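Student: One point on numbering: in the numbering used here, the residue at position 66 of the sequence shown is 66, and numbering is uninterrupted.
It is worth saying that the hints were derived from the structure and are not from the lab.
There's no promise every hint is true.
List of simulated lysine-lysine pairs, BS3-like, C-alpha gap at most 27 Å [said to hold, decoys possible]:
id	residue 1	residue 2
1	19	42
2	19	78
3	42	78
Remember, it's a predicted structure, so these values are computed and weren't measured experimentally.
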Amino acid sequence: SINSTDAFVEIRFADEVEKTEVVTSLNPQWNSELFPFDTDEKQLVECWVQFRVMDHDTYSANDAIGRVNLDCNILVEKMRMQEMERLDETHILPIYDTLNGGFE
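Given the sequences, and given the hints that come with them, work out the whole structure.
Tutor: Structure (structure tokens):
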């Protein structure tokens with residue numbers, strides 16, 4: 001339906017993929033548990049985290065709504081500056097491949 005979407009987020013890091021639950025809304029929000037990825041600092045420096053917002057389809061392939069690519073170097077630098085303190089910051093990142101929207 002044009003008035004709704006069955007959205008979920010696919011989180012990719014290196015060769016690992018995690019997914020959120022599906023939310024039926026044109027303005028979906030997720031309060032999902034953390035997705036632990038096994039990594040080290042070298043891999044963080046070399047890799048990106050990709051968030052793909054998808055529309056779940058039961059009888060056909062899921063449709064891509066948009067994506068956000070996060071350079072992990074930013075996280076590594078912040079962790080170094082904060083001496084490994086927990087990062088509790090909120091940022092809005094633009095979602096690409098879509099007409100409008102953001103990822104907070």
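Student: Run every hint past the structure and note whether it holds.
Tutor: Tested hints:
| no. | hint | verdict |
| --- | --- | --- |
| 1 | 19 to 42 | holds (24 Å) |
| 2 | 19 to 78 | holds (26 Å) |
| 3 | 42 to 78 | holds (15 Å) |
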